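Peer 1: The chain contents come next:
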Amino acid sequence: MSAVALDPKTAPTFPMAAKAAMGDAQLRKNVRHATDVIQAKRARVVAEMPDWQDLREAGKQIRQHTMENLDFYLEEFEANCTRAGGVVHWARDAEEARRTIVSLVKASGSDEVIKIKSMTTEEIQLNSALEAAGVHPIETDLAELIIQLGEDRPSHIVVPALHKNRQQIREIFQRTMNLPELGDKPHDLADAARVFLREKFLRVKTGVSGANFLIAETGGVCIVESEGNGRMCLTLPETLIAVAGIDKVIPRYQDLEVLLQLLPRSATGERMNPYTSVWTGVDTADGPRVFHVVLMDNARTEILADEEARQTLNCIRCAACQNACPVYRQTGGHAYGSVYAGPIGAILTPQLQEMHHAQSLPYASSLCGACYEVCPVKINIPEVLIHLRNKVVKQKGLSAEALAMRTMGLIFRSERRFRAAQRLGRVAESPLAGKDGWIGWLPGLLGGWTQARDLQEMPKETFRDWWEKRGKNGN
Amino acid sequence: MSCVGEIYSLLNFVSGSLFSLEVGLRVSLFITCYNDTLFPETGKAVVRVLERLGHTVEFPTGQTCCGQMHYNTGYQAEAMPLLERFVTQFRGAEAVVVPSSSCVAMIRDHYPKMALAIGKKELIADVEELLPKVFEFSEFLTKRLGLEDVGAFYPHRVTYHASCHGLRNLELGDGPVRLLKAVRGIDLVELQGLEQCCGFGGTFAVKNADVSAAMLADKMAAVLETKAEACTACDNSCLMHIQGGLHRQKTGVRTVHLAEILAGDEGVAQ
Chain A
1 MSAVALDPKT APTFPMAAKA AMGDAQLRKN VRHATDVIQA KRARVVAEMP DWQDLREAGK
61 QIRQHTMENL DFYLEEFEAN CTRAGGVVHW ARDAEEARRT IVSLVKASGS DEVIKIKSMT
121 TEEIQLNSAL EAAGVHPIET DLAELIIQLG EDRPSHIVVP ALHKNRQQIR EIFQRTMNLP
181 ELGDKPHDLA DAARVFLREK FLRVKTGVSG ANFLIAETGG VCIVESEGNG RMCLTLPETL
241 IAVAGIDKVI PRYQDLEVLL QLLPRSATGE RMNPYTSVWT GVDTADGPRV FHVVLMDNAR
301 TEILADEEAR QTLNCIRCAA CQNACPVYRQ TGGHAYGSVY AGPIGAILTP QLQEMHHAQS
361 LPYASSLCGA CYEVCPVKIN IPEVLIHLRN KVVKQKGLSA EALAMRTMGL IFRSERRFRA
421 AQRLGRVAES PLAGKDGWIG WLPGLLGGWT QARDLQEMPK ETFRDWWEKR GKNGN
Chain B
1 MSCVGEIYSL LNFVSGSLFS LEVGLRVSLF ITCYNDTLFP ETGKAVVRVL ERLGHTVEFP
61 TGQTCCGQMH YNTGYQAEAM PLLERFVTQF RGAEAVVVPS SSCVAMIRDH YPKMALAIGK
121 KELIADVEEL LPKVFEFSEF LTKRLGLEDV GAFYPHRVTY HASCHGLRNL ELGDGPVRLL
181 KAVRGIDLVE LQGLEQCCGF GGTFAVKNAD VSAAMLADKM AAVLETKAEA CTACDNSCLM
241 HIQGGLHRQK TGVRTVHLAE ILAGDEGVAQ
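Taken in order, these protein sequences are the chains called A and B.
Sequential numbering from 1 applies to the first sequence in the numbering used here.
Sequential numbering from 1 applies to the second sequence in the numbering used here.
It is possible that part of the hints are untrue.
[As the list claims (entries may be wrong)] In silico DSS-like links for lysine-lysine, alpha-carbon gap of 27 Å or less:
id: 1; chain 1: B; residue 1: K143; chain 2: B; residue 2: K44
id: 2; chain 1: A; residue 1: K394; chain 2: B; residue 2: K120
id: 3; chain 1: A; residue 1: K60; chain 2: A; residue 2: K472
id: 4; chain 1: B; residue 1: K44; chain 2: A; residue 2: K469
Simulated from the structure, these hints should not be mistaken for laboratory data.
These numbers were taken from a predicted model, which means no experiment stands behind them.
Throw the hints in and build the complete structure from the sequences for me.
Peer 2: If you want it as structure tokens, here you go:
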């Protein structure tokens, strides 16, 4: 059984979930350590690339061009994949994607599937749907296996079990694989997973994968991974079902030249990831005999229609923004209530929900810009966050905050009102200030400030008062 | 004007011809709403430095706020009239100097597309003309005037926090640090993780108070590690946040805007 999946529809608001997450000292330590390690590795391999900024720009241009011509490239992919012997299915939303995959698995005659790590299958909560249909999904990515066996939820796009340390992983393996003597060295854990999985690779006849890239020009599908478990899932089963968001398409095979330089360096801090698999349709000599691709929309066309938010779809899921984000580094991924955590999650998740849920996520950022700085395809995440905040404000209508903002807006539109407000502010706060001129408690919305900080009392004289006096004194 | 100031004016006048340094500029000060209200000393320091360098400072009194808080919180409609106000106040300025990176980032990164959204031709042209003349204070000194040594004296142990907007939006780089290194008497210590956000983020600090406080705790730990007497930056917003935490923890460490350090000279050494 898997744990209840992360679901933005039912998740608590970010500030509430973040508070709970930050109470877990072990989790914070694990997240801090893991993101520090990945960030340092990334910085090293990025620094050795003299053309890194050009590569980023090229990556951006490829993705932007694709999104501007998405319909064309999707149809090109469909035609070429079909020609190569693949079967392409279209799914409007998560529900349709789940239904299609479940029926394809059933048609393959298997009641088990081996899975390659795929955040898209997490997005649509595929495992629960498979289980409900009597199909047992087996995660083969080491991190996803840890999550599945630990009845946990992914907290990072690239390293889903990033919030667990070795001792915790050993405990999960000891318990679920019945290995009381298991050590906690990396090779102990890898050996245990290898023995556990090998038998499944050889037995299970149906595989489910996601996709890193769908190549329109050839109809090929590309997966990058570190462990080789993905390669097993792609080559051993008789039936292979790949599910991908329609945003995963790229125009040409040659575009991989840029994207496969950007992705591994940004994701795991490697020059090249250990396994890169590209397969095109089916081949009678080797590999799966039946190959399906499920192309899923699930709100991506709504995102595409929003000119200012469209760049969200350029994401290649490297998670560099998560590792760099000072908010994510404090809270870990679960606080975002979605499989897509961190800065990219803060913009992607609400949009996948057509802005009906997860409205606190666009505010889960100090707009520090560290995400934009590391993004390999230059998604201006702060800009999209601000755009989404504007949408949230419009949807919410009148509130105490909106009223305060409107009042402040009016004040700033007149010098006279601004000066009056400055005077009034000084009078209003004076009862709150202590003898030392500091305020330790503020009411209402402002109480968040004094939770951990003091506020200095307003000075007796504003700058403009001083300036005016200075002018009068003829200085 | 003090004696030091006069010497400096003279020096600049001489070096002006040698190193193409400019003197006698008419500088319009955009103090920003929160500096005006909460940090007048920073404004006075900016005036002092600029005048000491031989420039004239003007203060258009109709100025209020750049609209950053509204814009970044999602109230773009409220920010639009503030853009128009800013343009009206500073149209035709020779140079606009702002002692706040985040307000300059607001103006530079968002005003052009806001003007386009408003759609008034004249406004779009005005913004385009005005933008290259708007400078963050340290940026004005290092990039516009090409200065590092502005004749300051500040005999204290200081550490510098690179505010996010200055670092990433304005790409100030080591400009502020070069200015600080040229200050006489200063004991400048490097802050570990100086590029890490302090956790302020405007309304983020109240909307996500717990996360903000956790980020602040990391920043304060780094500041205390330096054993500095004061933490400086180009933004009083970050400093207000850091100072609020340092005061709550009764650390005795204070914060001071970069302009106030650069305004210090031997005559007014604190």
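Peer 1: Does each hint hold? Answer for all of them.
Peer 2: Verification of the hints:
Proposed proximity of K143/B and K44/B is supported: the alpha carbons are some 22 Å apart, at most 27 Å. The hinted pair formed by K394/A and K120/B meets the criterion: a straight-line CA distance of about 24 Å does not exceed 27 Å. The hinted pair formed by K60/A and K472/A fails the criterion: a straight-line CA distance of about 56 Å is larger than 27 Å. Among the hinted pairs, K44/B with K469/A is consistent with the structure: their alpha-carbon atoms are about 12 Å apart, no more than 27 Å.
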